[in-house]
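Enquirer: Protein chains in written order, with this note's numbering: chain A, 359 to 469; chain B, 644 to 753.
Treat the hints with care, since some could be wrong.
[To be verified] To give an idea of the chain A side of the interface with chain B (calculated C-beta under 10 Å), a few residues:
#, residue
1, Y386
2, L420
3, L432
4, D456
5, G460
Hints were generated in silico from the structure; no laboratory data involved.
Every residue gets a Cβ at the ideal spot worked out from N, C-alpha and C, and that includes glycine.
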Amino acid sequence: SQKIEQNSEALNIQEGKTATLTCNYTNYSPAYLQWYRQDPGRGPVFLLLIRENEKEKRKERLKVTFDTTLKQSLFHITASQPADSATYLCALGVRNNDMRFGAGTRLTVKP
Amino acid sequence: DGGITQSPKYLFRKEGQNVTLSCEQNLNHDAMYWYRQDPGQGLRLIYYSQIVNDFQKGDIAEGYSVSREKKESFPLTVTSAQKNPTAFYLCASKANYGYTFGSGTRLTVV
């Protein structure tokens, strides 16, 4: 069956460290993958898109990798700050531009 | 500012009632989507519309209906046939780079 798994429901790290979130998928062949940030009671906000032929994408303190052989994407936040605390969702772009979302990982950055 | 406006933010529904969730966008996007979010689950697609006067069922369309009479508007009706409607509902539109989401409507059955 098709699945999208984000490593853990919750991740706690210390301010200044690098947060690494994982998105694994099964039985999908995504053309691209996106990461979103969601704050409590709000809609997700788009962060980054990476295509199947790209290995890595960066935006300020964010870095995303995409390994279509491992069927995995890693999302890194370097020099993390308490303001980075949120839930992060990965989403796969599949056929007909359809999107499939993971359940998200709730990140807490402690001062 | 361009964006998506969902209303109301909170909605309470009695058993057997139909309720309609509003979604308006001023981004000039053709494609619009309705998702449902439940704790511990990924967003699940209810309905989507690629163009005015056309819409398609998503994965969990049963008990829901939509219309797309204008480009800017994509309302979702939760009918009495939806047996477990308590959830957070998100409307989105599609840009080249990703989806733009509204702030959501939290629907509770009382």
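Enquirer: A separate judgement is required for each hint: does it hold in the structure or not?
Expert: Tested hints:
no.: 1; hint: Y386; verdict: violated (12 Å)
no.: 2; hint: L420; verdict: violated (14 Å)
no.: 3; hint: L432; verdict: violated (18 Å)
no.: 4; hint: D456; verdict: holds (8 Å)
no.: 5; hint: G460; verdict: holds (5 Å)
Checked against the numbered hints given earlier, the structure breaks hints 1, 2 and 3 and satisfies all the rest.
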